[in-house]
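The sequence shown runs 36 to 280 under this note's numbering.
Hints listed in this document are in silico derivations from the structure and should not be mistaken for laboratory results.
Backbone N, C-alpha and C fix where the C-beta goes; we use that ideal spot for every residue, glycine too.
Wrong hints could be hidden among the right ones.
[As the list claims (entries may be wrong)] Cross-link-like lysine-lysine pairs, in silico, DSS-like; alpha carbons within 25 Å at most: (1) K167 x K210; (2) K164 x K43; (3) K64 x K169; (4) K65 x K80; (5) K167 x K208; (6) K66 x K175; (7) K80 x K69; (8) K208 x K164; (9) K164 x K175; (10) K210 x K164; (11) K207 x K164; (12) K64 x K175; (13) K175 x K80; (14) K69 x K43; (15) K169 x K80; (16) K80 x K66; (17) K80 x K64; (18) K210 x K169; (19) K167 x K207; (20) K208 x K175.
[Stated by the list, open to error] Beta-carbon label-pair distances, calculated as ranges: (21) D154 x N239: 35 to 41 Å; (22) K43 x P183: 28 to 34 Å; (23) E58 x M272: 22 to 28 Å; (24) A202 x E58: 38 to 44 Å; (25) Q168 x K43: 29 to 35 Å; (26) I266 x M197: 16 to 22 Å; (27) K65 x M272: 31 to 37 Å.
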Amino acid sequence: MSEVNEDKTSGDFREMGVRLAQEVTSFIKKKMDKVSRSGSLRNIKLNFVGHSIGNVIIRTALTEEIMEPYLRYLCTYLSISGPHLGYLYSSNSLFNSGLWLLKKLRGTQCIHQLTYTDDPDLQNTFFYKLCKQKTLENFKNIILLSSPQDGYVPYHSARIEMCQGAAGDNSKKGKIFLEMLNDCVDQIRAPSCEHRLFMRCDVNFDTSTQGRNLNTFIGRAAHIEFLESDIFARFIMWSFPELFR
Numbered sequence: 036m037s038e039v040n041e042d043k044t045s046g047d048f049r050e051m052g053v054r055l056a057q058e059v060t061s062f063i064k065k066k067m068d069k070v071s072r073s074g075s076l077r078n079i080k081l082n083f084v085g086h087s088i089g090n091v092i093i094r095t096a097l098t099e100e101i102m103e104p105y106l107r108y109l110c111t112y113l114s115i116s117g118p119h120l121g122y123l124y125s126s127n128s129l130f131n132s133g134l135w136l137l138k139k140l141r142g143t144q145c146i147h148q149l150t151y152t153d154d155p156d157l158q159n160t161f162f163y164k165l166c167k168q169k170t171l172e173n174f175k176n177i178i179l180l181s182s183p184q185d186g187y188v189p190y191h192s193a194r195i196e197m198c199q200g201a202a203g204d205n206s207k208k209g210k211i212f213l214e215m216l217n218d219c220v221d222q223i224r225a226p227s228c229e230h231r232l233f234m235r236c237d238v239n240f241d242t243s244t245q246g247r248n249l250n251t252f253i254g255r256a257a258h259i260e261f262l263e264s265d266i267f268a269r270f271i272m273w274s275f276p277e278l279f280r
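Start from the sequences and build out the full structure, keeping to the hints where you can.
Dropping the structure here:
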């Protein structure tokens, strides 16, 4: 499990991506050196599992130059409630108000990047440029886990799909979103030397035992439940063991 960005997730996604890329390459080099000395170096498979903005950090890390020699080893990517298209369209008004307050009080750079306010021109924003990068194309298997109960990450953003708000928006904002969506989908559909498996999986949590509280009301309960209850992830790994070997 990555540790390099613990307690450092309020800055610039680019800086977080650099730290993760350095951590991953250091880990791979150590493993390769150790195995090569024993003379039993076999096929290398590099899998990534990310939760929430961790998915943005993973994709950012893959754009770093130091990762280029290892892209051919990418195998399975399991994204758990990742805001792959940011918060350009978000229907959770209460959560949006919280993001607005965070930007005003703390000026957190990653929040500006998530909400496309890091640059006046949408085509100069972090997420627009990230979607132009080939961050998904090299994976052989891509699994997107999402939950309609999760109010912290827009449902369409976690699933990399069109949303109702963008479908009827003919403004520049709507066109930019469609362009970004197509960029991501084109990577998933890109020709590959091997068959690429792509799945979108929905998870519905039983939140009845938690009662009616602020967490369930704003959708935080389901977002956190992804971490506290890993039975769904285990089910996928048991059902498709070949994806993680």
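Can the restraint linking K207 and K164 be considered satisfied, given a maximum Cα separation of 25 Å?
holds (16 Å)
Given hint K164 paired with K210 - CA-CA distance at most 25 Å:
holds (15 Å)
Restraint check for K169 with K80, where alpha carbons must lie at most 25 Å apart:
Judged against 25 Å, a Cα distance of about 19 Å means the pair holds.
Pairwise hint evaluation, K80 against K65, where the allowed Cα distance is 25 Å at most
Roughly 15 Å separates the two Cα atoms, so the pair holds.
Within 25 Å, alpha carbon to alpha carbon, are K167 and K207?
Distance of about 17 Å is within 25 Å: holds.
Pairwise hint evaluation, K43 against K69, where the allowed Cα distance is 25 Å at most:
violated (30 Å)
Verdict for E58, M272 (Cβ pair) under range 22 to 28 Å:
holds (23 Å)
Hint consistency between K80 and K66 [alpha-carbon to alpha-carbon, up to 25 Å]
The hint holds at about 12 Å.
Holds or violated: K208 with K164, Cα cutoff 25 Å?
It holds: about 15 Å lies between the C-alpha atoms, which stays within 25 Å.
Within a Cα-Cα threshold of 25 Å, do K164 and K43 meet the stated pairing?
Status holds; Cα separation ~22 Å.
Run the distance test for K164 versus K175: straight-line Cα separation, threshold 25 Å.
holds (23 Å)
Is K208 within 25 Å of K175, Cα to Cα?
Measuring from Cα to Cα gives roughly 32 Å; hence the hint is violated.
Checked against the numbered hints above, the structure breaks hints 14, 20, 25, 26, 27 and satisfies the rest.
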